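**Student:** The chain contents come next:
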Amino acid sequence: MSNFTIPVGPLHVALEEPMYFRIDVQGETVEHVNITAGHVHRGVEYLITKRNVFQNVVLTERICSLCSNSHPQAYSMAIEQIAGIKVPPRAEYLRAIADEIKRVASHLFNVGILAHLVGFESMFMHVMEVRERMQDIKETIFGNRMDIGANTIGGVRYDIDPASIGYLREQLDALLPDVEEIIKIYNTDASILRRTKGIGVLSYDEAIDCGVIGPVARAAGVNYDVRVKAPYAAYDRLEVPVHTLKDGDVWSRAMIRLMEARTAIDLIRQCLDTLPGGPTVATEERPAIPPGEAIAKCEAPRGELIYYVRMTDSPKPERVKWRVPSFPNWDALGIMLKKAKVSDIAIIVNSIDPCISCTER
Amino acid sequence: MNTLKILLRNLVRGPSTVPFPFAPAWTPERMRGRIEFKLSSCTGCRACEQVCAPGAIRFDKTPEGLRFMMWHNTCVFCGLCEFYCPTDAIRNGNDWHMAHAVGEKYGMAIRETIPYVACTACGMKALASAPNPAGVKPPFTPEEIEQQRNLCPACRKKALAERGVQP
Ligand code: SF4
Ligand code: SF4
Chain A
1 MSNFTIPVGP
11 LHVALEEPMY
21 FRIDVQGETV
31 EHVNITAGHV
41 HRGVEYLITK
51 RNVFQNVVLT
61 ERICSLCSNS
71 HPQAYSMAIE
81 QIAGIKVPPR
91 AEYLRAIADE
101 IKRVASHLFN
111 VGILAHLVGF
121 ESMFMHVMEV
131 RERMQDIKET
141 IFGNRMDIGA
151 NTIGGVRYDI
161 DPASIGYLRE
171 QLDALLPDVE
181 EIIKIYNTDA
191 SILRRTKGIG
201 VLSYDEAIDC
211 GVIGPVARAA
221 GVNYDVRVKA
231 PYAAYDRLEV
241 PVHTLKDGDV
251 WSRAMIRLME
261 ARTAIDLIRQ
271 CLDTLPGGPT
281 VATEERPAIP
291 PGEAIAKCEA
301 PRGELIYYVR
311 MTDSPKPERV
321 KWRVPSFPNW
331 DALGIMLKKA
341 KVSDIAIIVN
351 SIDPCISCTE
361 R
Chain B
362 MNTLKILLRN
372 LVRGPSTVPF
382 PFAPAWTPER
392 MRGRIEFKLS
402 SCTGCRACEQ
412 VCAPGAIRFD
422 KTPEGLRFMM
432 WHNTCVFCGL
442 CEFYCPTDAI
452 RNGNDWHMAH
462 AVGEKYGMAI
472 RETIPYVACT
482 ACGMKALASA
492 PNPAGVKPPF
502 TPEEIEQQRN
512 LCPACRKKAL
522 AERGVQP
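Sequences listed follow chains A and B, in order.
Quick note on numbering: my numbering labels position 20 of the first sequence as 20, and the sequence is numbered without any gaps.
Throughout, my numbering is defined as the position within the second sequence, counted from one, plus 361.
No wet-lab data here; the hints were simulated from the structure.
Be careful, since some hints might not be right.
[Said to hold, decoys possible] Computed list of lysine to aspartate or glutamate pairs in DMTMM-like fashion (alpha-carbon distance at most 25 Å, straight line): (1) A/Lys86 with A/Glu181; (2) B/Lys518 with A/Glu285; (3) B/Lys498 with A/Asp159; (4) A/Lys316 with B/Glu523; (5) B/Lys366 with A/Glu132; (6) B/Lys366 with A/Asp173; (7) B/Lys498 with A/Glu239; (8) A/Lys86 with A/Glu239; (9) B/Lys399 with A/Glu360; (10) A/Lys50 with B/Asp421; (11) A/Lys341 with A/Glu132; (12) B/Lys518 with A/Glu284; (13) A/Lys338 with A/Glu360; (14) A/Lys321 with A/Asp273.
[To be verified] Just a sample of chain B residues kept apart from chain A, beta carbon distances all over 10 Å, derived: (15) Gln411; (16) Pro415; (17) Tyr445; (18) Gly484.
[As the list claims (entries may be wrong)] FRET-style restraints, in silico, Cβ to Cβ: (19) B/Gly454 with A/Ser203: 49 to 57 Å; (20) B/Pro424 with A/Arg237: 32 to 40 Å; (21) B/Gly454 with A/His41: 31 to 39 Å; (22) A/Gln81 with B/Pro494: 29 to 37 Å; (23) A/Phe4 with B/Leu365: 35 to 43 Å; (24) A/Pro291 with B/Gly416: 21 to 29 Å; (25) B/Ser377 with A/His41: 15 to 23 Å; (26) B/Gly464 with A/Lys338: 33 to 41 Å.
Values in this document were obtained by computation on a predicted structure and should not be read as measured data.
Each residue gets a CB set at the ideal place from its N, CA and C atoms; glycine is no exception.
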């Protein structure tokens, strides 16, 4: 058997996002992986210092489309900390609802792509069709399919009336059996199990070493979820079960995402059941932001997202820095891809649900 | 087996896609689309200009008044202008049919001017903008809005104070 170096990417490894791997293979087994980043660097950290605090709510939302609610949420929480703004309870619940709606859509998307990479196109189409219900919810309640624009400094920008609560419940009721059915299929379908069980394994110890987070960590048995460890929004008042599995393979990561999607539906229902009344923003006007610095974090669909913001006397932040979940997760790809078959590369890369545009910003 | 069941069910249900452009596409009420601007409600506070991240909104002082300019092709439909506008003068409508020929691109804008008028009380040159409703209780009546519109800032304050509102 001979050695080769093959390029994978930068286009179309799993998603249509640029990520370049130089892979040394022995026959068809991966020996060494070299990841090259930077194809989609847009200079967002610079741009953010050129815009004022309020414009940045929109800019952070456009860093990534799948976590597009988590970025402005963490950013707003950091600014609120600096300004000492107390978010009203109703807004906290509405933030949690927005977060969970995005989580369902994001997780179903990733699991759907997995079916596509396995070559199970009809399943891919079906999962995407089920996810379409979430997209309709977002469009109906928030006004956009991806950039839902839920957050603002001091609260949320949307509200739900009894009619939209009814609509939301109705859609969730229709969605749940579909999600249950998908879970059953991913649990039993031979063509999915064959390509995902025991593939791209990351053990508990390796997960701790790499500092992976989100579903990737939970699939390796690491019990860490920001919603439980450091609750934000309304999560301290909700019952949030954390799902973990032991195997740390591609299948476990997909199952964690599916179980979290099901839990998210329950969390949205919990929020709707106990939704308090009152205002949805701390102040109607634009609040003044004093100099200061703060760190805030939230659980994005891909894991813990941390924001650091530093304000001076200027209305524009002096520095905003964020650590996205894909960054540590992507580092673990080196371990997951070791000794993998060439044909499994795309499946393994997709299993960390990489978000290149957040990571390279 | 489970998959076959789904396939059969989907076959029976028929297509779930919309035959657009041959039939209308479903559009929710709240969908954030093309910006609509109502000059008569605008206070000229320029909050929308300040929060607009891509810089789609610009105000310029012209000899005739304060010109509002908004470029549809620069707008990212974020809805922040609508959120911070004190009077709902600017809002996202749910029209998303914005494809256009390149030749029409300079027409994809809103250009309107809040004109200068002579204050009906003191005669000074002032912008005929709508009054800011923030903190005004009870809210302005339509007649009061028209009356305020034709006053200069100092005379507006005076009129408000007489009405029993300390601005
Ligand atoms: S919707 Fe957003 S981008 Fe468009 S004009 Fe308003 S603030 Fe600007
Ligand atoms: S009143 Fe509304 S539209 Fe007019 S300048 Fe202020 S924010 Fe903009």
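**Student:** With reference to the structure, classify each hint as holding or not holding.
**Tutor:** Now for the hints, and whether the structure bears them out:
no., hint, verdict
1, A/Lys86 with A/Glu181, "violated (41 Å)"
2, B/Lys518 with A/Glu285, "holds (20 Å)"
3, B/Lys498 with A/Asp159, "holds (24 Å)"
4, A/Lys316 with B/Glu523, "violated (39 Å)"
5, B/Lys366 with A/Glu132, "holds (20 Å)"
6, B/Lys366 with A/Asp173, "holds (20 Å)"
7, B/Lys498 with A/Glu239, "violated (42 Å)"
8, A/Lys86 with A/Glu239, "holds (23 Å)"
9, B/Lys399 with A/Glu360, "violated (41 Å)"
10, A/Lys50 with B/Asp421, "holds (21 Å)"
11, A/Lys341 with A/Glu132, "violated (33 Å)"
12, B/Lys518 with A/Glu284, "holds (22 Å)"
13, A/Lys338 with A/Glu360, "holds (24 Å)"
14, A/Lys321 with A/Asp273, "violated (36 Å)"
15, Gln411, "violated (7 Å)"
16, Pro415, "violated (8 Å)"
17, Tyr445, "violated (6 Å)"
18, Gly484, "holds (32 Å)"
19, B/Gly454 with A/Ser203: 49 to 57 Å, "holds (54 Å)"
20, B/Pro424 with A/Arg237: 32 to 40 Å, "violated (58 Å)"
21, B/Gly454 with A/His41: 31 to 39 Å, "holds (35 Å)"
22, A/Gln81 with B/Pro494: 29 to 37 Å, "holds (31 Å)"
23, A/Phe4 with B/Leu365: 35 to 43 Å, "holds (40 Å)"
24, A/Pro291 with B/Gly416: 21 to 29 Å, "holds (25 Å)"
25, B/Ser377 with A/His41: 15 to 23 Å, "violated (38 Å)"
26, B/Gly464 with A/Lys338: 33 to 41 Å, "violated (56 Å)"
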